[in-house]
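Spelled out, the chains give:
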Amino acid sequence: DGGITQSPKYLFRKEGQNVTLSCEQNLNHDAMYWYRQDPGQGLRLIYYSQIVNDFQKGDIAEGYSVSREKKESFPLTVTSAQKNPTAFYLCASSTGLLNTGELFFGEGSRLTVL
Amino acid sequence: AQRVTQPEKLLSVFKGAPVELKCNYSYSGSPELFWYVQYSRQRLQLLLRHISRESIKGFTADLNKGETSFHLKKPFAQEEDSAMYYCALKTGANNLFFGTGTRLTVIP
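These protein sequence lines are chains P and L, in that order. Position one of the first sequence corresponds to residue 1 (the numbering used here), numbered consecutively onward. Position one of the second sequence corresponds to residue 1001 (the numbering used here), numbered consecutively onward.
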């Protein structure tokens, strides 16, 4: 089944702990993205990566970190520095520099910090 | 700075009635706009892009640069159109800037 797989779907963590969200794609896409979705705020870009071993900050990168060691994988770490980490996180990929404007999304991961 | 405004959080229409989901944008560059849709228990997916001038599932959207709008329209709403709709603006080469979304409910 081709597509983007995010795990876990639900995650609970204590305040002050780092947590890593997984995103894997088998679409052979070069570019991958992480968005955060909060009620009433739409989707906001955290980080994106155009190619392996390269990534760029998005609009709300503070308190987050990423890596892109493999084309298929783009994990997101929510660090203890993120002031308000409870949110729904969406991973996406595209064939390149968004030439067609089409992002392919995962099902999302809901993080709750207690 | 770029901005995408979807003024209606919720919109309800009766089946068979026309529907219009509003989207206004603010962007200093040449805009490329898109509509994304998320049906219940499905992933967010692209519905249509302004540059294609296409009709998808009966929906159309025209870019009006004078009014900086990209409203999504369908002449006769169907129950299966009930979903969350997001307007998105491409800013630069690598970012889609999303609006806050409108939840459309089509009443049978």
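Calculated directly from the structure, the hints in this document are not laboratory data. On a predicted model such as this, the values are computed, not experimentally measured, just so you know. Check before you lean on any hint, since a few could be wrong.
What the hints assert, rightly or not - Each pair of labels, with its calculated beta carbon distance range: (1) L:ASN1064 to P:TYR10: 16 to 22 angstroms; (2) P:THR79 to L:GLU1020: 39 to 45 angstroms; (3) P:THR112 to L:SER1055: 29 to 35 angstroms; (4) L:GLU1020 to P:ARG44: 23 to 29 angstroms; (5) L:LYS1015 to P:ARG110: 31 to 37 angstroms; (6) L:GLN1045 to P:ASP30: 37 to 43 angstroms; (7) L:ASN1064 to P:GLN17: 47 to 53 angstroms; (8) P:LEU11 to L:SER1055: 22 to 28 angstroms; (9) L:ALA1017 to P:THR5: 36 to 42 angstroms; (10) P:GLY96 to L:MET1084: 33 to 39 angstroms; (11) L:GLY1029 to P:ARG44: 35 to 41 angstroms; (12) P:GLU62 to L:THR1068: 25 to 31 angstroms.
Note that the Cβ used here is the ideal one computed from N, Cα and C, for glycine as well.
Do the hints match the structure? See the list:
Separation of ASN1064 (chain L) from TYR10 (chain P) is about 42 angstroms and departs from the stated range, judged on CB atoms against 16 to 22 angstroms. In this structure, THR79 (chain P) and GLU1020 (chain L) meet the distance hint of 39 to 45 angstroms, their C-beta atoms being roughly 43 angstroms apart. Taken as a hint, the range 29 to 35 angstroms is violated for the pair THR112 (chain P) and SER1055 (chain L), whose Cβ atoms sit roughly 41 angstroms apart. Between GLU1020 (chain L) and ARG44 (chain P) the C-beta distance comes to about 26 angstroms, which sits within the given range of 23 to 29 angstroms.
At roughly 32 angstroms, the beta-carbon separation of LYS1015 (chain L) and ARG110 (chain P) lies within the given 31 to 37 angstroms, and the hint holds. Roughly 20 angstroms separates the CB atoms of GLN1045 (chain L) and ASP30 (chain P), a value that falls outside the hinted 37 to 43 angstroms. Distance hint for ASN1064 (chain L) and GLN17 (chain P): a CB-CB separation of about 48 angstroms, consistent with the stated range 47 to 53 angstroms. The beta-carbon spacing between LEU11 (chain P) and SER1055 (chain L), approximately 40 angstroms, falls outside the hinted interval of 22 to 28 angstroms.
Taking the beta carbon of each, ALA1017 (chain L) and THR5 (chain P) are about 39 angstroms apart, inside 36 to 42 angstroms as hinted. Checked against the hint of 33 to 39 angstroms, the pair GLY96 (chain P) and MET1084 (chain L) fails, with Cβ atoms roughly 27 angstroms apart. About 19 angstroms separates the C-beta atoms of GLY1029 (chain L) and ARG44 (chain P), a value inconsistent with the hinted range of 35 to 41 angstroms. The hint said 25 to 31 angstroms for the Cβ distance between GLU62 (chain P) and THR1068 (chain L), and at roughly 30 angstroms that hint holds.
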